[in-house]
Amino acid sequence: MPDSIPRLSLLGITLFSLLAAVAANAPQYPTTLEVDIVFPRNDTYAPVYAFPLVVAIQNNYLSQFLKFDMTMLWAIFHADNRTNWIKLGSFQTKPPTSDDPRYLVSATTKLNNTEGRFRIEWMVVMGNCSITNVNASSTSTVDSQYIDYTTNTYFTLQNAAQPPDLVAATSSDTCASIEALVLNIMGATPLPGVPPIPGLSPTEQLQCPVFGNATTSPTPCSAQLNQTQAASISASATAVACDDWPTDGPGYKAACEGEPESAAPGLNTAIVQVSVWVAFSVSFALTHIL
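Residues in the sequence shown are numbered consecutively from 93, following this note's numbering.
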């Protein structure tokens, strides 16, 4: 019996320490969420069988406290064609992780044997809990169920060029020009239409981000990649491509017959195929892309 008192005390101290750690990491407002389009850049690359698409989310730890319901859609076109897409795809940020920055990875096999000039149209879509919808250009609009931001990346494929290099794409002499979106978060409110969640404190009930006009400059150089991270992302891109690759297609056996190398420890990637979001993607594509 006497031994139970120290054990209970130790348990209490441990629980208190965990709660204190969570409270210490809770968001301090105002704060920001940043989305960086890591790859491709406005550059020239050699065609490859698994062409990677990579974005980074900075201050991703906020997803453990706030419900963003954020996803990213992408559509690849020939540069001079705005209506006939080559490939549609998407990322999502669920489940939340503490990785910061968090890298999201996708890929396509549709550019593996062609040259030319291409355009990727990117869209960030986020659930909107704010009273006023403030878009990426800091212009207030009427209330909306979603906030969305669209941008384009142009790139060229040439057989004589170098293959995609994720380290070079984020190097210190080029990273400042990475396309980035900064969302200014002024505070948080309870989720609309959702009753109080049992077991959460009043502060923890505040899970709906309130967006304001962006006043902070982006810091895309914080999303630089080293060789280990780049190799892990390339392996993840190959895994995505293999799911969409005809088994009798050129390059399939070399890239996909063995198990693709798993993501390196410490790098969390979220991969979502277009089939998961097909209705959502088509809806937004019809409204914003086509």
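Each hint should be verified, as a subset may be incorrect.
Simulated restraints, written as ranges between beta carbons of each label pair [as the list claims (entries may be wrong)]:
#1 189 with 295: 19 to 27 Å
#2 345 with 202: 13 to 21 Å
#3 242 with 345: 36 to 44 Å
#4 338 with 118: 45 to 53 Å
#5 248 with 159: 38 to 46 Å
No lab work stands behind these hints: they were computed from the structure. These numbers come from a predicted model, not from an experiment. For each residue, glycine too, the CB sits at the ideal point set by N, CA and C.
Okay, the hints, checked on the actual structure:
no., hint, verdict
1, 189 with 295: 19 to 27 Å, "holds, 22 Å"
2, 345 with 202: 13 to 21 Å, "holds, 19 Å"
3, 242 with 345: 36 to 44 Å, "holds, 38 Å"
4, 338 with 118: 45 to 53 Å, "holds, 48 Å"
5, 248 with 159: 38 to 46 Å, "holds, 39 Å"
Hint compliance for this structure: every hint is met.
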